[in-house]
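These protein sequences, in sequence, are chains A and B.
Numbering-wise (the working numbering), the first sequence opens with residue 2 and increments by one.
Numbering-wise (the working numbering), the second sequence opens with residue 7 and increments by one.
Since the hints were made in silico from the structure, they are not lab data.
Careful, some of the hints might be misleading.
[Said to hold, decoys possible] Result set (DSBU-like, lysine-lysine): computed pairs, CA atoms no more than 35 Å apart in a straight line: (1) Lys-485(B) <-> Lys-868(A); (2) Lys-728(A) <-> Lys-92(A); (3) Lys-36(A) <-> Lys-315(A); (4) Lys-485(B) <-> Lys-805(A); (5) Lys-459(B) <-> Lys-894(A).
The structure presented is a predicted model; accordingly, all values stated were derived computationally and were not measured.
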Amino acid sequence: MNLKKIYLICFLLLGIIVTSIAQQNTIIRGRVVDKADKTTIIGANIVEYDSEDRVVNGTITDVNGDFVLQMINQSNTVRVRVIGYNTEVVKVDPLKVSIIEIESSDVALGEVTVIAESRSVNSLTNIDDRDKASSSVKVDLMDMQEVGVISAADALQGKISGLDIISASGDPGSGSQIVIRGLSSMGNNQPLIVIDGIPQFRISQSFDLSSADSEDISNLINIALQDIKSIEVLKDAASTAIYGSQGADGVLLIETKKGRMGKVQFDYQYKASLNIQPPPIPMLNGDEYITLQLKEWHNSDAIYKIPPEIAYDKDYADFFNYSANTNWINEITKNGNIQDHYFSVSGGGEKTRFFTSFSYINEEGTTINTESKRFSTNINLDYFLSRNLLFQIKFNYIKNEINGNISIRGRNIREMAYIKAPNMSIWEYDLVGLPTGEYFTPITSYQGNGTTYFNPVAVANLGRDGRLENHFRNTFMLQYRLNDWLIFRETASFQSQGTKNKSFLPYNAIGADWLNYQINLSKATSRVNQGIHTETQVAFTSPFKNEDHQLSGAITWVTDRSGYQWMNIQSAKNPSVDIQVPSISGQVAYIATNSGEGKMVSGLGNVNYKYLDRYLVQTILRADAHSSFGENNRWGLFKGISLGWRFSSEDFLSSLDFLGESMLRVSWGVAGRQPNDVYARFATYESTGTGSYTFNPAISPISIQLDRLMWETITSYNIGAELNLFKDRLYLEGDIYYKITSDILFKDYSLPVSSGFNVLKYFNGGQMTNTGWELMADARLIRTNDLLVSVNFNASQNINSFKKLPENFNAERSTSIGNGQYPQRVVEGEPIGSFFGFRYLGVWASDKDVVAKDVDGNVLKDSYGNKLPLQYADSYIFKGGDPIYDDINHDGKIDLNDVVYLGDSNPKFIGGFGTTVKFKNFDFSANFHYRLKFDIINGVAIQTEGMNNRNNQSKAVLRRWRVEGQNEPGMLPRAYMNHPANNLGSDRYVEKGDYLRLNNVKVSYELNKNLCNKIGVRKANLTLSARKLFTLTNYSGQDPEVSQDASNPFWIGVDNARTPPPKVYTLSLAVGF
Amino acid sequence: MKLKVKYSVILFILLMQISCNNWLESLPPNGLIREEFWQSKEDVEAVLMAAYELFASMDRTLFLQGELRGDLLFGGSNQPSRERSIAENNIYPDNNYCDWTPYYKIINHCNEVIKNAPLVQGIDNTFTDFRKQSLMAEAYFIRSLAYFYLVRIYNEVPLVLEPSETDNSDFYIPKSTESEVLNKVVIDLKQYREFAPSGGFSTIIENKGRASKPAFDALLADIALWRFEYDEVLEHVEKIENSGEIELMKGGEWFQIFNPGNSIEGIFEFQFDGNLNQRNGTFGLTQRFSNLYFPSQKATEMFGKENANELVRGENASIAKIGEDDFIIWKYVGQFPDGQSFRSGNDQYSCNWIVYRYADVLLMKAEALSQTGRYAEALAILNKTRERANLQPKNIVFNAAAFEDAIMEERALEFAYEGKRWFDLLRLGRRNNFSRKNKLIEVIISNVPSNQKRILAVKLTNPLGWYLPIYESEIERNKNLNQNQYYEF
């Protein structure tokens, strides 16, 4: 069926039929004057809005301030709008000439915005925001524009209860991980982003994992911050059900700025930021390192031959290269900076309104050779073809160029800098100690081979890993008002996202001989995602004219198709460092390409009913069919119902003066999720390794057909209340929710291999719950003309738990124990992202202390009455200076049976608080963000406090056990080369991650109106702000904001030395004409 | 006018609904899926070939499973620790040597063929009954061979007879006893033997590399011998003798069994061809620089010029001396029986893995005859193989135990490093209600560090310890499986 053709026919039909329709005309007349000095106002806009707040008609006042407006519908509202004045509603009285007094809006601008918001309407549901009975929060981003954040996710951090945002990394161009009301499924949990009603791509399906990393995926809201007017977070399934199968993880609705009727406005903003890294973990210097290494050898072997690199041997050929005191972390760290230019033009008349913006951001990261350059442009155009016909175009283009550092064998340069031997020099010296001008990159060093232990400075400066993204979105919307209660809307949106990754690792950056496959290794990946999204909607409002009953709703038909293509080429051993692309066919080592397409159709309907403006019922029903399911399970039904009671409007409460508009609401809803891999359900066959046997072709089945694959469903219950007290001085909002994920989609579900296969690509099963509460408070303490003081606070708690695991589920994800290794498990009743390992109890003071004890605390003895020492598995007997692990089962052996639950990575409480003070032209605000009661596995400490290998260690190891009998609080175990068990995965590295952070603080000065007028600008503003200024935490790592990469749901919350988010100091200057 | 707008909109929405189901059926643009497969006899054969190829690629495993716990192999310095643990009988379920994945992959391939071949016949008009039966016969053969290996290695295993086609299949199949598995296998083999192609392939590679009637007979004889059903053994071996296709190689040509392979003596050999990138694993395992596996002390005594008078099968043929006290296994790396000419180039990886050859089934027959008291006939066969090896005929006291030992020794000489030794020893240990199990235990503990010999000798009187445990992760994944009791502690 050719859809395009149908669209075309429909458009044509509409075009022919569009004619003016006879109306009852009402003519109103009036004059607009300034309330203060009673002067008439020329050029004021008199605008007629329909019941859904759409502009349907308008005129402007003449030189005398007079106007005449022929109204389309008498029940519509008419407002007077002039720049610099408050908007005033005109009483519609055709019999009288009304004098409308309007007030200058110098001070109360903020409040005006609030009113405007409360009248906006969600386009899919056709509900007034004010009447929404489901759980959602809308944030105005206007305030955040001067602060030194460059992404919307950063701006939202700590602002909304129940919304957990974590920066993926502090490197330029890296995104954030956003989790709404707890992790609710296995794998990626990112919410759906909807920009101006158009859902954005989810992570591209089935892309090539060899090139993508989590930062790649997490960069969700890629749009200039200044373009965003507001962000609304839909939290419960009653509201996300409207997005059906895509809404399982919550939805962020982003609204961009639009043109307004009036004079053309130019705005320019410049922001300059300085980014400073928090201090790194102090590491051993070269001399301390060598001392430690010698001790490690001494303890393990007693008799040893000192390797020449740590022997202080003047005759050693590389003596000068191994006698440095290099601080590798400092060498790869610098101060970063951001330059942000933003320019926008907006305006409009009766027929057209436009908003267009250009933004350019250049960010240099705090790790050497990391930068990101982003150019974006946004155009919103509204064209009123006639009173009933509106045509809208939105165009958005983003180009993002990110340069980063290459990781080698999964180790980034920061990780390397932590463990690299500090006695090695960056630059190579010759025999007599003269610099050669080359990086020091030996093929084998004391630590190991030159590609595993590379020179991080050399790799940062010579290697490169770049990403170029081109993203555009184009949306057309046609809206036709059929009559005064029926609107037809047709939307078509195109999106395309192209990503190109290129990386190159030249031979001189690493120590490897010419046969090593890493030599001059270049990789190129290109990935294109494209999508077409259409919506056909008939929306209605109360057809009956009865004030007591109000009915609205919509019927919508959605189609969505999104495709992907990618290709990856790698070549190694390119003949020259100047050939940085895999272009030489002979050297190509790997080529892969893939493409695919997912299609979805949905029908949805919703009805909202309101009785007496007090009793609200909202219902949603959506049916989705997606091509990733077989015919049997193709249709998924998602639904929601919310009930609201605006009790403040009840007569019996009307005597309570302090009570403002307040509501109680209850909701229930079901949303869902589909698998990312659209072709997972097919059984596939592939050629075998050699493709033939006895000269006959050979083909193997490689995956199992999924007949039972279905939607993961999320059912949520929500009870909430909104309270407005003391004339809008105090606003409180609270929610309690219960969310059940059932038929969880498990990717790569382990099967008994007796089936002939290792995994099922997807398996639905089990149950997970998230229970929690949220609280938001906003208080306007002082509200005078000159001074405005407000504080806000939000908190939320979420408890995650696996209620049920699928039958036959293999709960042991990894059983390996050993140094630095944690077994990975799933346990019913415990949350996702739990840590399991040994319990660490300190250090054995001396050899004779090492004994095994039974349950009652008595020392275990062998048959001859000798005390039995505690041992590790069957292989090692602990000695003095070794760590004490808790022998949980008291069998005298530390093994897998002694593994216990150690903590989990889900914060119990998250939230933030802040204050805003406006005094005359000064504006001060501060925002705090906190996450409490969660654990981090300090991966850096595992690497740098183990003292059992040749990695550099942190200064903490200076507190190590050194002599028999030494017993000090907080001492670390002894140094011991290749110790089998002195660094086992234990709670020694599981740390409380709790932190409270001053996320943003800002002072701004707005130039006086009069002064502005004199110098001919509309407004001018100077702001100083600082971001992540200080952090209160007991976490010993560099930063407790550890990336929550949930791609492996059994291993979340591990600090792996990603670049932490820096402190950012920003100066911002904004001018408007 | 207004009405028309409304109607057209409603009509439009309805039209789209009708069209959607077709629109949603989107097939992957690249790759082969079930919906496009199983259309022709070529598809059936291709999956069958994949089963062969998978089995062939197990040659390294087959080598180790047949030799590691025996007494002819000695691990070098590069021997992986998991394999050393097995050899030293230090066996735990977490040793991934115990993973049976490849066997069940093969079994699933065969199950696919067995299930789908009849269905394909309904689609492909050129797929004759005869062809279908013969392809299915091959699939039954491979599946049976896989199960025969499995029961000899694990004793009790899940008997999976249906392919894992969809997620509705039962993946959690409990263990069946050895006799349940072998009963099923024997029924299949007997039923499909008549459909097996016999010399009917166009190339020698196919005749030796795919399941022929003699291959069925050899497998049936082997299973019968394992179950001590001696009359059955004789019956099946006679069929091979009467086929006229298979003969013993001459003494002077003995090494040609291995290079170039596919000799007249071969009954069933997994084919390798380095030129097609179909590389065997045995070369890498036994070549002189890999330091993985060498002949044991016992082997050098059996074959070495200094100790033995083996000329045809001895030093320079089964093993080669490459230095003072430095021997390597020669069958897979040598070009000629001279102990010097190494295989080179792609030829290095082209040595077949011989599953059955004529000498093997002849000695099976001798074993069966001697166990049923027909000593003279048994001796004649034994001496026939010795004669071929240029050795003096043997005289053996006419009792079963003496013959058992003599045949065991003869088999060690003839089939060293062909993955037979451990199973021969197992058979000996199991015979007559474990009456001679000490002989097997003696062999096992010869590989064990001296301080553990005593305790192991006691523990291994439990025959379950002769089999491998089920790999730990498989136990975790399949709750219907019970671990071999010997390993439960």
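To see whether the hints hold, each was checked on the structure:
| no. | hint | in the structure |
| --- | --- | --- |
| 1 | Lys-485(B) <-> Lys-868(A) | violated (39 Å) |
| 2 | Lys-728(A) <-> Lys-92(A) | holds (25 Å) |
| 3 | Lys-36(A) <-> Lys-315(A) | violated (90 Å) |
| 4 | Lys-485(B) <-> Lys-805(A) | holds (16 Å) |
| 5 | Lys-459(B) <-> Lys-894(A) | holds (24 Å) |
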